[in-house]
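Peer 1: First to last, the protein sequences are chains A and B. Residues in the first sequence are numbered consecutively from 0, following numbering that gives the first Met the number 0. Residues in the second sequence are numbered consecutively from 0, following numbering that gives the first Met the number 0.
Keep in mind that the hints were calculated from the coordinates and are not lab data. Each hint should be verified, as a subset may be incorrect.
Here are a few chain B residues that sit away from chain A, every Cβ distance over 10 Å (derived from the structure) [stated by the list, open to error]:
#	residue
1	S52
2	S57
3	D188
4	S190
5	V219
6	R221
7	E266
8	N286
9	H323
A few chain B residues that face chain A, going by a derived Cβ cut-off under 7 Å, partial list only [unchecked claim]:
#	residue
10	G144
11	A147
12	Y149
13	T285
Beta carbons are placed, not taken as given, at the ideal position from N, Cα and C, and that holds for glycine.
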Amino acid sequence: MTALLEVSDLKVRFESDNAIVHAVNGINLTVDMGKAVAIVGESGSGKSTVMMAVMRLLHGNARVEGKVLLEGTDLLQLPEKAMQKVRGKDIAMIFQNPSAYLNPTKTIGQQMIEPLLYHHLASAAKAREKAVELLDRVGIPDPEQRLNNYPFELSGGQLQRVMIGMALMADPKLLIADEPTTALDVTVQAEVLILLKRLQRERGMGMVFITHDLAVAAQVADEIYVMYGGLVMEHLAARDLVTGHVHPYLCGLIRSIPRIDGPRADLPYIPGQPVQTAGGLPPGCVFADRCDRRFDRCAERPPLMEVGPGHRASCWLVEAGVAK
Amino acid sequence: MEQPVAVKSPARALVELADVVKAFKTPKGQLVACDHVSLTVEQGVSVGLVGESGSGKSTLIRTMQLLERPTSGTVRMNGEDVTRLPEPKLKPYRRNIQFVAQDPYSSLFPNLTVSQNIMEPLRIHKVGDAKSRPLKALELMQRVGLPADYFHAYPHELSGGQQQRVAIARALALSPQILVLDEAVSSLDVSIQAQILNLLQRLKAELGLTYIFISHNLAVIRLMCEQTAVMYLGRIVEQGESDSLFRRPMHPYTRALIASIPAFTAEGVTPLPSESVLTGERPSPTNLPSGCAYRTRCPFATERCKNERPELRRVEPDRLVACHYAETLAANR
Numbered sequence: 000m001t002a003l004l005e006v007s008d009l010k011v012r013f014e015s016d017n018a019i020v021h022a023v024n025g026i027n028l029t030v031d032m033g034k035a036v037a038i039v040g041e042s043g044s045g046k047s048t049v050m051m052a053v054m055r056l057l058h059g060n061a062r063v064e065g066k067v068l069l070e071g072t073d074l075l076q077l078p079e080k081a082m083q084k085v086r087g088k089d090i091a092m093i094f095q096n097p098s099a100y101l102n103p104t105k106t107i108g109q110q111m112i113e114p115l116l117y118h119h120l121a122s123a124a125k126a127r128e129k130a131v132e133l134l135d136r137v138g139i140p141d142p143e144q145r146l147n148n149y150p151f152e153l154s155g156g157q158l159q160r161v162m163i164g165m166a167l168m169a170d171p172k173l174l175i176a177d178e179p180t181t182a183l184d185v186t187v188q189a190e191v192l193i194l195l196k197r198l199q200r201e202r203g204m205g206m207v208f209i210t211h212d213l214a215v216a217a218q219v220a221d222e223i224y225v226m227y228g229g230l231v232m233e234h235l236a237a238r239d240l241v242t243g244h245v246h247p248y249l250c251g252l253i254r255s256i257p258r259i260d261g262p263r264a265d266l267p268y269i270p271g272q273p274v275q276t277a278g279g280l281p282p283g284c285v286f287a288d289r290c291d292r293r294f295d296r297c298a299e300r301p302p303l304m305e306v307g308p309g310h311r312a313s314c315w316l317v318e319a320g321v322a323k
Numbered sequence: 000m001e002q003p004v005a006v007k008s009p010a011r012a013l014v015e016l017a018d019v020v021k022a023f024k025t026p027k028g029q030l031v032a033c034d035h036v037s038l039t040v041e042q043g044v045s046v047g048l049v050g051e052s053g054s055g056k057s058t059l060i061r062t063m064q065l066l067e068r069p070t071s072g073t074v075r076m077n078g079e080d081v082t083r084l085p086e087p088k089l090k091p092y093r094r095n096i097q098f099v100a101q102d103p104y105s106s107l108f109p110n111l112t113v114s115q116n117i118m119e120p121l122r123i124h125k126v127g128d129a130k131s132r133p134l135k136a137l138e139l140m141q142r143v144g145l146p147a148d149y150f151h152a153y154p155h156e157l158s159g160g161q162q163q164r165v166a167i168a169r170a171l172a173l174s175p176q177i178l179v180l181d182e183a184v185s186s187l188d189v190s191i192q193a194q195i196l197n198l199l200q201r202l203k204a205e206l207g208l209t210y211i212f213i214s215h216n217l218a219v220i221r222l223m224c225e226q227t228a229v230m231y232l233g234r235i236v237e238q239g240e241s242d243s244l245f246r247r248p249m250h251p252y253t254r255a256l257i258a259s260i261p262a263f264t265a266e267g268v269t270p271l272p273s274e275s276v277l278t279g280e281r282p283s284p285t286n287l288p289s290g291c292a293y294r295t296r297c298p299f300a301t302e303r304c305k306n307e308r309p310e311l312r313r314v315e316p317d318r319l320v321a322c323h324y325a326e327t328l329a330a331n332r
């Protein structure tokens, strides 16, 4: 399997007036060709920042270190002009709130053909043909008609389909989806997830799916990275999420989610507040102060350690062989 | 805290909606947000409301809170018909039913401190005086697990979970019988969500509260509510005991809804539904199809569904379903 995207030791810091926010603190992440990877974390865990850094869309006050290799080319070293050729062509991105990312003054059609014209990939007529075909593929009825509509004329679910269609216009190798279904109704969410999964498989495209919802991550992705405090706590196959996890943080999270077949009783929860990334991380394991299994070793920060094939966790319990 | 004595038996109806219709005039025509809805909320039987956006959940709740007058039908509160009461007379009824919104920060006054926020309902309803109110606020803060240090803090200084605790304390200030929780835990992170759910379960038991819980998270509904009502385009299409309803849904829409929501089970996460479960066109709410409103998306729809509107009927002792074929569908699962 060849790696499409390889992020190594990525660090992102934001300088604000009173503190430096250590949003991402050394992330290693690999997306293989044709695979779907989910990044899961609570708010403030740095999950979106990682991918914004990959796309180089962060504000000027962000300092990014590390390597982001797209098929061997380090995106962080590219001049801005060259990076513009990557965005929308090799890597496309969709977001939580499609109406905020679509131009309200342009028709769906004008916006859909834009990436092809911008990257000089097709003539306007050919691009239009492709837009019609893609709108049809993402399940928009009367695609020819819809091209002449403005964003406000479509529902939220339809706009997200348009966004997906638009992202696929230039046949990207990698699609980054940042909470694409969070704002949608549950039945629409299921439809959009099915669509994304099908398109990703059919096109052999790599996908990074960012979400706060562990269940959605398990449904869509092949592999899951669980983030906390800007670090990866555990990396495992999606099918092992419920039965195979080892990290105390992930154990705590999964136990605290009410189950549809569970008892009607108090939910076990993780005590305390999520770690603050403003002003630097605490020494040692970032989860230690909320962890019920901490021991003296936790004063030192654990690296990601191999649990099994394709399964790693950042916890000393793994080394001690007593995780789980 | 003074609480109405919980009547063990017979069950006491707190709110009764009978045949409530609420229609709005829109530029595109009449929109019937609630279409002949009857729902009784009994003391100690919390009700979960599920349905997509536009299904009429919010209008139903607003009618219950007496914020919206029904076009026809009646609303009874503690046995009294309040449908046509003039506005000033509604105030004592409104305090019985309090509301907690999804986003705690925007539902609190940013310019008032935590204690002032909690005391606001007391001030409006002229309960207590300048001396007793702060004491009441402190007692409420304790009850919802907020440290007394936050008494003079402003909402923006608190985390999301703490803000939601303030909102809950404020809703409890007037000792209501019913608490309406509109996606009250949806915007919180998983680990915080569990803490708030535990708090809500404890308050329910301690204060004998009855909840009306709107959520798209069925596991949360099942945890908090004895009864569940499923709404689709302004009507209740299925209602029954939560556990049995989720285990054995009888309306095709309930089935599709359950299939589309990812859920944790002991074995793993439920897989994505097959595409066939979710087909068909969503009708426009101002131009509903004839007969059954769900027939355009229903895989089992027949000629009868087109011609004859299925009424909500009792299919089992504790199950109401609005589908002509509820029995056959339940049998051939």
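Peer 1: Hints numbered earlier in the text: which of these fail when held up against the supplied structure?
Peer 2: Of the numbered hints given earlier, those the structure breaks are 1, 3, 4, 5, 6, 7, 10, 11, 12 and 13, listed in rising order.
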